[in-house]
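So the sequence lines, in the order shown, correspond to chains A and B.
So in this note's numbering, the last spot in the first sequence is 111, and the numbers never skip.
So in this note's numbering, the last spot in the second sequence is 114, and the numbers never skip.
Just to be clear, a hint being listed does not mean it is correct.
Said to hold, decoys possible - Label pairs and their computed distance ranges (CB to CB):
1) B/Y10 x A/H77: 34 to 40 Å
2) A/G94 x B/G42: 23 to 29 Å
3) A/G102 x B/G62: 23 to 29 Å
4) B/R63 x A/M59: 33 to 39 Å
5) B/A99 x A/A17: 29 to 35 Å
6) A/T26 x B/A99: 21 to 27 Å
7) A/T26 x B/T80: 35 to 41 Å
Unchecked claim - To give an idea of the chain B side of the interface with chain A (calculated C-beta under 7 Å), a few residues:
8) S31
9) G42
10) N56
11) S94
To be verified - Anything over 10 Å on all C-beta distances counts as not near chain A; from chain B, calculated:
12) P8
13) T14
14) Q17
15) Q18
16) S27
17) F64
18) R67
19) S70
20) L81
Since the hints were made in silico from the structure, they are not lab data.
Where a beta carbon is used, it is the ideal one built from N, C-alpha and C, also for glycine.
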Amino acid sequence: DAKTTQPPSMDCAEGRAANLPCNHSTISGNEYVYWYRQIHSQGPQYIIHGLKNNETNEMASLIITEDRKSSTLILPHATLRDTAVYYCIVRLHGANSKLTFGKGITLSVRP
Amino acid sequence: KAGVTQTPRYLIKTRGQQVTLSCSPISGHRSVSWYQQTPGQGLQFLFEYFSETQRNKGNFPGRFSGRQFSNSRSEMNVSTLELGDSALYLCASSVTTGATGELFFGEGSRLTVL
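Pulled out of the complex, with its shape left as it was, chain B reads as follows:
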């Protein structure tokens, strides 16, 4: 079956702009989590959505937001982009929140802020 799909794979923005990233989870998965990966901070948890509700949130400013739709697809938005937002943004899905077993990660969206 199809894996986690993230779009776009690569994008370039300038400071002050906003960006929206999309994640389509594996069919049947209802939990979607987002992570930011940078060389300096490593992989950091952004937030998790389950049944269209945010279930958990990491330590990121309010410029980072997300949502989940009724078909479990999720989007995250970063407003007023800063240079430090340049990162690989990863989405992971699982059948349900807090479940045992693996989370399935997508290939990520690589954002460059100039």
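One chain only, chain A, in its complex shape:
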């Protein structure tokens, strides 16, 4: 699986959009970009995934650049409960269900 690079931390104000970047410059054509988050002492929670096109669900939006070398997870209206570690993962479908987690980015939402 391709390696991802994320800044170690960022913060944003409650109610504002949180834009979390991720670089995956060695991603191959059939690898998907996944985002998970882990709130303190809980199991990771799936947020969203995509291949080429931008994706949106009730939790977030995923913007993938045209060359697919980077992506941005957008939480449109961050709340204090969104404070967590966010993991960007590149994953190949079909072979197995293994996720390779990096260090993630710690998002702190301030009041």
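Got chain A; can you put chain B on it based on the hints?
Only chain B this time, still in chain A's reference frame:
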């Protein structure tokens, strides 16, 4: 529907002992994966089971083993415990192996080795 259930949630063992952790996947899910999380190494993949067969294995010593039963429930075992085995052990389930979409994680079993 019920989520992934892991038992026990917390346990304390001493060096040299062994431990067995249990994971009940979401009903209908046949793939179960195990992960170890420590402050130093982060989240690391241990192994995945599908249809009672190990499908993939991470870089852990043979002291770490697992199995899956016909009802998809899974157990992992760590023998001859070491201090470094203290960690949060997480189980994740999915409908099938290699599927698209999300893996569902349990709350984990926190093991402390003294």
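query: Falls inside 23 to 29 Å, the C-beta gap from A/G102 to B/G62?
result: 26 Å, holds
- prompt: Can we confirm that no CB of chain A comes within 10 Å of the CB of B/Q17?
  reply: About 24 Å separates B/Q17 from the closest Cβ of chain A, which puts it past 10 Å; holds.
query: Is the hinted range of 33 to 39 Å satisfied by the C-beta distance from B/R63 to A/M59?
result: The hinted range 33 to 39 Å holds for B/R63 and A/M59, with Cβ atoms some 38 Å apart.
message: Restraint: B/S94 near chain A, CB-CB cut 7 Å. Satisfied or not?
response: At 5 Å from the nearest chain A Cβ, B/S94 passes the 7 Å test, so the hint holds.
field: Non-interface label on B/P8, tested against every C-beta of chain A at 10 Å
entry: 15 Å, holds
field: Restraint satisfaction for B/G42 [CB to CB of chain A, less than 7 Å]
entry: 6 Å, holds
query: Is the gap between the beta carbons of A/G94 and B/G42 within 23 to 29 Å?
result: 25 Å Cβ-Cβ, so the 23 to 29 Å window holds.
C-beta pair A/T26, B/T80: status relative to the range 35 to 41 Å that was hinted: 38 Å, holds
task: With respect to the beta-carbon atoms only, verify the hint that B/A99 and A/A17 lie 29 to 35 Å apart.
output: 31 Å, holds
field: Minimum Cβ distance from B/F64 to chain A greater than 10 Å, as the annotation requires
entry: At roughly 15 Å from the nearest Cβ of chain A, B/F64 sits farther out than 10 Å, so the non-interface label holds.
Interface-negative label, B/S27 against chain A, beta-carbon threshold 10 Å: Check passes; 17 Å lies beyond 10 Å.
message: The output says B/L81 does not contact chain A. Does that hold with a beta carbon cutoff of 10 Å?
response: The claim stands: B/L81 keeps its Cβ more than 10 Å from every Cβ of chain A (closest is about 22 Å).
In this structure, none of the earlier numbered hints is contradicted; all agree with it.
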